[in-house]
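2 protein chains.
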Amino acid sequence: MTVALDGYGAEQGFDVLAEGAKLAAADGIAVRVFGPEQALGLNRVEGVEVVPTTEWIGNDEDPVAAVRAKKEASVVRAAREVAEGRAEAMVSPGSTGATMAAATFGLRRLKGVQRPALAVQVPVPGKPVLLLDVGANVEVRAQHLVQFAFLGAAFSAAVLDVDRPTVGLLTVGEESGKGRDEVVEAHRLLSAAEGIEFAGNVEGRDLPAAKVDVVVTDGFTGNVALKLLEGTARAVATAVGDAARSNPIASLGGLLLKPALGSLRRELHPDTTGGAILLGLRGVAVVGHGSSGAEGIANAVRLAARCAEVDAVGRTAALLLEGDAGRGALAAEDGA
Amino acid sequence: MTVALDGYGAEQGFDVLAEGAKLAAADGIAVRVFGPEQALGLNRVEGVEVVPTTEWIGNDEDPVAAVRAKKEASVVRAAREVAEGRAEAMVSPGSTGATMAAATFGLRRLKGVQRPALAVQVPVPGKPVLLLDVGANVEVRAQHLVQFAFLGAAFSAAVLDVDRPTVGLLTVGEESGKGRDEVVEAHRLLSAAEGIEFAGNVEGRDLPAAKVDVVVTDGFTGNVALKLLEGTARAVATAVGDAARSNPIASLGGLLLKPALGSLRRELHPDTTGGAILLGLRGVAVVGHGSSGAEGIANAVRLAARCAEVDAVGRTAALLLEGDAGRGALAAEDGA
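The listed protein sequences correspond, in order, to chains A and B.
Take the first sequence: its position 76, counting from 1, is numbered 75 in numbering that gives the first Met the number 0, and each next residue is one higher.
Take the second sequence: its position 206, counting from 1, is numbered 205 in numbering that gives the first Met the number 0, and each next residue is one higher.
Just so you know, the hints here were simulated from the structure itself, not pulled from any lab data.
For glycine and all other residues, C-beta sits at the position ideal for the given N, C-alpha and C.
Do not take every clue at face value.
What the hints assert, rightly or not - List time: in silico DSS-like cross-link candidates among lysine-lysine, alpha-carbon distance up to 27 Å:
1) B/177 x A/70
2) A/257 x B/257
3) A/69 x B/177
What the hints assert, rightly or not - Chain A side only, calculated, beta carbon under 7 Å to chain B, not exhaustive:
4) 198
5) 202
6) 206
7) 207
8) 219
9) 220
10) 245
11) 248
12) 259
As the list claims (entries may be wrong) - Far from chain A, by Cβ distances over 10 Å, these chain B residues were calculated:
13) 108
14) 141
15) 157
16) 192
17) 216
18) 320
Using the sequences and the hints, build the whole thing.
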């Protein structure tokens with residue numbers, strides 16, 4: 000099991016990325032890093048191999064143009080590594096746009112899938128919720144939302160071991176007529192669809208309450224929602240910490256409570272999920288959280304390896320084609 | 000100072016609404032309740048007057064059609080009370096759509112304002128942030144977002160006493176080209192506008208971090224964001240509480256910490272802000288939080304009274320027309 004890792008783009012710098020690669024390698028995952036000269040020292044680490052790479056794509060570049068122009072950029076090479084069968088999955092902690100472009104061009108879409116979507120296991124208390132799209136498509140049509148529902152459900156069943164995952168459509172009210180035109184239409188299509196446990200509309204509050212296993216939305220709303228959820232959890236946790244430092248009695252209380260809060264802290268930390276996965280492609284591509292620490296990088300590599308191990312792509316494709324409705328939803332899109 | 004209160008639609012029932020009316024009346028606000036027969040007992044309370052009303056509009060009705068058809072519905076009568084000068088402000092804890100329709104038809108829009116927007120002070124740790132639109136317009140054009148920016152800034156200065164409020168545009172990245180077409184265009188227009196402290200794009204995480212005073216978005220994203228933020232704060236607070244009950248030592252810690260958490264709990268409780276205000280009209284209309292308790296109802300009435308007291312409508316209109324840019328933004332819309 001080999002994971003191709005883009006060695007550029009970790010906001011916390013290369014040393015943190017290297018630390019993450021080491022952690023993942025210690026779990027028995029072969030990590031091939033497309034990174035700078037300074038990375039060569041990593042070759043001494045068991046399970047890590049460095050491919051010196053001098054070109055990369057920055058956050059400020061136009062992703063599609065940059066991926067087309069820079070054939071030797073680290074993220075493009077990582078995608079090619081998977082496309083040509085030398086690695087089972089790719090991971091990049093760099094520009095989300097460049098990673099999506101490199102993966103989409105390099106790995107190509109599953110048959111019938113028109114728009115790949117970025118999915119992430121949202122860190123909420125209790126069980127995680129799979130949210131998609133979190134940024135691949137800022138505008139969508141109803142048919143895309145239907146595809147996201149099938150992609151998310153298939154991934155949830157295949158990789159996250161959720162039995163008959165329930166899927167909710169994110170909008171502004173529970174009633175079927177609530178929301179933008181494409182959302183109302185997607186609700187109608189999903190209500191009639193077979194092969195999916197459509198739970199109807201869900202609202203913003205239902206996401207942290209983990210009311211359903213998979214929440215489907217467009218990439219604009221999903222991106223705002225993901226960052227808002229992470230930011231709110233952090234802000235509340237910080238405010239609780241501040242309260243626990245506000246006077247000596249509260250301090251003692253905080254100290255006694257701290258061990259019990261440890262698992263909640265891990266549950267809510269963005270590093271825990273490791274990143275977002277691009278669904279709908281013929282290969283595994285994981286976009287790491289930009290601000291990931293070493294544990295976050297390692298978890299992104301672990302998530303990619305797990306997806307490859309369980310044949311997430313093949314099983315997602317099979318589940319997509321299984322139900323009549325799934326076939327119908329995808330076939331309709333083919334002609335669009 | 001008289002506030003017209005729609006006596007129907009409080010999810011927790013009429014008794015909770017009556018309790019809220021009493022609390023507000025105790026502050027010296029005259030509350031005129033358009034409510035059911037059972038409300039008549041309230042007439043004994045100093046400052047509360049009941050106008051028996053038998054018709055109302057439910058959450059399941061089409062708001063615009065219902066407001067047009069039911070001239071004697073409680074929310075329509077409350078709006079008429081303000082339009083005809085017998086009350087200074089209206090409050091409804093019922094259907095948001097019906098309240099918006101009743102207020103928009105009854106109170107009419109300020110000159111130049113094409114789309115009124117629902118604004119709410121979002122409960123985040125530290126200072127509140129004004130978020131709009133949280134549900135009046137699920138689809139917007141760039142020009143609407145520009146208007147929301149001016150409306151929100153004017154309200155923030157006039158009612159919330161924020162000196163030169165900063166305004167951020169909610170989207171998927173900091174760079175000016177990030178987001179949907181209308182957001183990119185609104186960014187361009189606001190960057191060139193005068194008379195407003197435009198702080199550029201903000202992301203989901205910047206809302207709970209209170210990076211700016213006013214956050215502008217469309218009513219779909221804003222509605223999802225508001226409910227998500229409230230839900231996440233509640234979920235994290237619940238999880239902290241659960242941790243504090245998980246073992247005896249943690250229990251003691253929770254007990255010692257509890258007093259210090261009191262103000263945070265109040266800050267984050269949706270009842271604290273009282274509800275959303277419909278900006279851009281010639282009168283004050285507040286939409287209460289559907290699930291409000293008595294304190295939430297009272298705070299909605301207090302918010303409405305405060306808006307009327309400080310002449311929020313007149314000052315917002317004046318601030319809107321003050322800057323050349325504000326005039327330009329509104330004038331452009333007039334011709335659209």
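Next item on the list: State the violated hints by number, sorted upward, taking the hints as numbered earlier in the document.
Entry: 4 and 17
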